[in-house]
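A.B. asks: Note that the protein sequences, when read in sequence, are chains W and L. Using this note's numbering, you'd call the opening residue of the first sequence number 1 and step up by one each time. Using this note's numbering, you'd call the opening residue of the second sequence number 1001 and step up by one each time.
Just so you know, the hints here were simulated from the structure itself, not pulled from any lab data. Using N, Cα and C, we set each Cβ at its ideal position, and we do this for glycine too. Do not rely on the hints blindly, as some may be mistaken.
Stated by the list, open to error - Covered stretches of chain L (chain W as the covering partner; in silico rule of three or more C-beta atoms under 8 Å from a C-beta of chain W): (1) 1009-1021; (2) 1038-1052; (3) 1067-1077; (4) 1092-1099; (5) 1132-1145; (6) 1151-1162.
Said to hold, decoys possible - Away from chain L, derived, C-beta distances all over 12 Å, residues of chain W: (7) S8; (8) L95; (9) L102.
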Amino acid sequence: MVISVAASTNLVLALSAILFSIGVLGVLLRRHVLIIYMSIELMLNAANLAFIAFGRLQGTIDGQIAVFFTLTVAAAEVAVGLGIVVVVYRELKSLDIDRLNLLKF
Amino acid sequence: MSLATLIAFVVLAVVAVFGGFRMLVSRHPVHSALYLVLSLVATAAIYLLLAAPFVAVVQVAVYAGAIMVLFVFVMMFLNLGPAQDVHDQRQRRIVTFAAAGLLGLLIWLGAIWRPGAAVTVGGGALPGYKVEEIGVNMLGRYALPFETASLLLLVAMVGVVVIVRPLLAAERRQAAAGETGATTAEAAATAAGLVVESTEPSEEVGH
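Next comes chain W alone, as it looks inside the complex:
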C-alpha cells in the first residue's frame, strides 16, 4: 500500500492545524506568561511543519530553508520575551497576565 505524496501531505497539514489550534487555545485560555510563550512556540512549530510538508510536495528545498528563518525569529522572540518576563517578575512578583494592566485606565 502506497499513499500518494498529496494525500500524505494533507495528513501532515492536518497535524499542523491541530498543533496550531492547541497553541491558539493556550494563548486564549491560560493566564501564565511563560505558558503563553510556550504556546506561541508550538504555533511556530506547527508553521514549520507546514513549510516542510509543502516543500516536500513541490519537490524543492525552499520549504526547509524557510524553517531556518522561522527558527531565527523564534530564538530572537524568546530571548527578548524572557528578558521582559524577568523584569516584569522583579516588579510585580507575579507572572499572571491579568495583573499586567498598567496600560489600562
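With chain W's structure known, arrange chain L on it following the hints.
C.D. replies: The following block gives chain L in isolation, referenced to the frame of chain W:
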C-alpha cells in the same frame, strides 16, 4: 509514503498532539515545558519521515535544546510555583475550544485546497537531496534574508541588554551599598546616593 512510514507518522503525530495538549493543561510551568519538549522531539522525528534530516537535527538542537533550556532556566531563576489560573468559567472554556477547533479546521481546509495545477507536484522524497544544498541555497539565493536574520539576532541581543540594564544597575548599587556598610553613616550616604542615582537609567531607556 509506505505503510510502515504511515504507521510511524501516526504514532509520532499522536505523541506530538499529546505533548502539546498536556502542555496546555499542566498546572506547573516546568511540566508544560517538559511536555513541549516531548512534542518538539516528536515533530523532529516527523521531519525525518518527510525527507528533512538536517532540519530535524536543528530542531532537536535549537528548539528542544537551546530554547527550552532557556525557558526552564528562567523558571528556575525566578523560582516559580504552580500557576494559579486553571479554574476558568466552564462556558467560556467550551466556547474557546469550539473557536479554536473551527480555526484549526479552516487552516487545514485552506491548506489542502489546491485549485487546478497551481502547485507542481514533485516526486515525493526530494530527488538527489543533500545537506550541502541547504548551505549553497542559504548563501546563494537566500543570502539577503540570511543577512537580515543575523541583523535580527543582533537587534534582539542589544534589545535584551537595554531592557535588563536598569535591573542590573540597581542590583550592582545594592551590592555596593552592602559592601560599604561598615559604618552606618557610610551606609546612609550610599543609600541616599542610590535614591538620587536610580532615576537616571530609567530615563535613559524612556527616551
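A.B. asks: For each hint, tell me whether it holds in the structure or not.
C.D. replies: Structure-based check of all given hints:
Coverage of the segment 1009-1021 of chain L by chain W holds [criterion: at least 3 residues with CB-CB distance below 8 Å; count 6]. Taking a C-beta to C-beta cut-off of 8 Å, the segment 1038-1052 of chain L contributes 8 residues in contact with chain W, enough for the three needed, and the coverage statement holds. Beta-carbon proximity to chain W at under 8 Å applies to 6 residues in the segment 1067-1077 of chain L; the threshold of 3 is reached and the given coverage holds. Only residues whose beta carbon comes within less than 8 Å of a beta carbon in chain W count, and the segment 1092-1099 of chain L has 4; three or more means the coverage holds.
Counting residues of the segment 1132-1145 of chain L whose CB lies closer than 8 Å to any CB of chain W gives 6, so the stated coverage by that chain holds, three being the minimum. Counting residues of the segment 1151-1162 of chain L whose C-beta sits closer than 8 Å to any C-beta of chain W gives 7, which meets the bar of three, so the coverage hint holds. Not every Cβ of chain L is farther than 12 Å from the Cβ of S8(W); the closest lies at roughly 4 Å, contradicting the non-interface assignment. A beta-carbon of chain L is positioned within 12 Å of the beta-carbon of L95(W); the least distance is around 7 Å.
Distance to chain L confirms L102(W) as a non-interface residue, since its nearest Cβ pair spans about 14 Å, more than 12 Å.
The earlier numbered hints that this structure contradicts are 7, 8.
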